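*Asks:* Chains as they are written, first to last, in my numbering: chain U, 744 to 861; chain P, 744 to 861; chain D, 744 to 861; chain H, 744 to 861.
In short, the hints are calculated from the structure, not lab data. Keep in mind the model is a prediction, meaning the values are calculated, not measured. Treat the hints with care, since some could be wrong.
Any copy, or any two copies together, can satisfy a pair, since identical chains are not distinguished.
[What the hints assert, rightly or not] Result set (PhoX-like, lysine-lysine): computed pairs, CA atoms no more than 20 Å apart in a straight line: (1) Lys-834 / Lys-814; (2) Lys-810 / Lys-856; (3) Lys-857 / Lys-816; (4) Lys-834 / Lys-810; (5) Lys-834 / Lys-856; (6) Lys-834 / Lys-816.
Number of protein chains: 4
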Amino acid sequence: MTDINERDIAVFEAGIKLGALYHQFVGTPISSDTIDGLERIIEDSIALQPHIRSVSVSIDREMVEKKQNPKFKYCELEGRMLHVSLQILYKNIIAYAELAYDEIQDYPLMSIKKIEEM
Amino acid sequence: MTDINERDIAVFEAGIKLGALYHQFVGTPISSDTIDGLERIIEDSIALQPHIRSVSVSIDREMVEKKQNPKFKYCELEGRMLHVSLQILYKNIIAYAELAYDEIQDYPLMSIKKIEEM
Amino acid sequence: MTDINERDIAVFEAGIKLGALYHQFVGTPISSDTIDGLERIIEDSIALQPHIRSVSVSIDREMVEKKQNPKFKYCELEGRMLHVSLQILYKNIIAYAELAYDEIQDYPLMSIKKIEEM
Amino acid sequence: MTDINERDIAVFEAGIKLGALYHQFVGTPISSDTIDGLERIIEDSIALQPHIRSVSVSIDREMVEKKQNPKFKYCELEGRMLHVSLQILYKNIIAYAELAYDEIQDYPLMSIKKIEEM
């Protein structure tokens with residue numbers, strides 16, 4: 744096949760970031776009160792990694808509330824609570840990727856949504 | 744020996760919290776710009792766990808700056824960058840514990856500092 | 744109160760180990776086929792830490808099977824799948840601690856079970 | 744640009760796996776004695792994830808020995824100790840990716856090496 748190109752690298756980098764944030768932050772103690780702070784620090788931490796153009800994290804408030812232990816009033820961040828949209832910019836290619844809970848497959852699905860030339 | 748007492752439980756809980764936060768957050772991408780935010784979210788996350796009376800996290804700014812990759816401008820949170828002081832309150836016992844880098848042993852040392860009755 | 748004693752340290756170390764292993768390994772991809780291997784490596788990794796006398800990890804096979812995604816045939820290690828028994832030996836004190844899923848509280852409970860003098 | 748194609752997905756999946764294993768396992772206590780076991784379980788865990796054709800993990804023995812704390816005889820798995828080669832098979836596309844320590848940049852570099860049609 745053809746050589747590795749800029750599009751390949753942009754898409755590959757997008758995958759790295761989603762895999763990384765998922766396995767870094769899943770397991771973090773969380774409650775309704777810390778959702779905002781955790782969303783921001785995940786965004787800010789991942790934004791440090793190479794070739795990130797933007798990253799937006801939102802954690803499912805309803806799931807957190809449902810999962811909170813009634814006695815201890817907190818739960819742990821789970822993959823299916825995470826909704827992440829990010830853009831990688833590599834050279835002049837933008838790759839858009841997403842992590843979103845897929846209810847039908849009951850799976851936190853990572854996908855590449857769009858690839859653009861700037 | 745004597746039965747498990749409240750002092751044992753307070754001290755045990757202190758150990759749990761330090762072990763937990765260390766292995767949850769080590770590896771997080773970090774730069775000088777995200778230190779404050781990461782300190783706060785570690786505190787807020789750990790404060791959710793049972794029997795925490797207070798927790799204070801500070802990350803060694805100098806080490807972060809020294810470790811930042813010159814090209815990519817970030818590094819990863821390491822255990823030796825962490826300074827944590829926390830208090831567990833169990834029944835009327837307060838246990839004070841700490842995580843601090845021990846330079847001589849080159850080891851991120853967790854220790855129990857003081858135990859008080861309220 | 745009295746000064747920190749050997750019993751305090753043994754119990755504190757037990758807490759550290761349980762907190763550490765929980766937050767290090769939760770999130771690991773797992774299936775029925777990898778349970779044995781994962782149990783062994785968690786034991787072997789935690790046994791490296793100071794003052795461990797023994798550690799035994801078992802992962803709930805039934806829960807793993809129930810949680811395995813039907814399409815992808817794996818799930819992730821969760822805290823409630825873990826049953827851990829460990830012994831800390833500090834000086835001549837042995838502290839016995841446990842992590843076990845508490846069904847009534849729906850919580851992976853860490854507890855100190857027994858403290859002995861050798 | 745053109746729509747997302749099979750090549751994009753293969754490359755994206757390769758990135759996910761490398762990011763995931765890195766942030767799941769970095770921080771694990773390790774010594775010369777547990778290297779083999781840890782290599783195998785990282786391979787076996789990641790091989791469970793979708794579209795993996797093969798994965799081979801090797802941990803730098805020399806670095807582990809050098810990093811082992813002289814008193815405690817262990818260290819923690821760091822990203823730069825990891826050498827990983829993996830293949831993703833998506834439809835009839837094979838993507839070859841690698842994680843290897845780049846000494847010049849002092850960085851654990853993930854890269855896509857080759858893309859083939861079966």
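*Asks:* The structure should be examined with respect to each hint, and the outcome stated for every one.
*Replies:* Verification of the supplied hints:
1. Only between protomers do Lys-834 and Lys-814 lie at most 20 Å apart by alpha-carbon distance; the minimum there is 16 Å, versus 51 Å within a single protomer.
2. Taking identical chains as interchangeable, the C-alpha atoms of Lys-810 and Lys-856 are never at most 20 Å apart, the minima being 30 Å within one chain and 28 Å between chains.
3. Neither within a single protomer nor between protomers do Lys-857 and Lys-816 lie at most 20 Å apart by alpha-carbon distance, with minima of 39 Å and 28 Å respectively.
4. Taking the closest pair of Cα atoms, Lys-834 and Lys-810 never come within 20 Å of each other, the shortest separation being 42 Å inside a single copy and 27 Å across copies.
5. In this assembly of identical chains, Lys-834 and Lys-856 lie within 20 Å of each other by CA distance both inside one copy and across copies; the values are 19 Å within and 18 Å between.
6. In this assembly of identical chains, Lys-834 and Lys-816 lie within 20 Å of each other by CA distance solely across copies; the values are 19 Å between and 46 Å within a copy.
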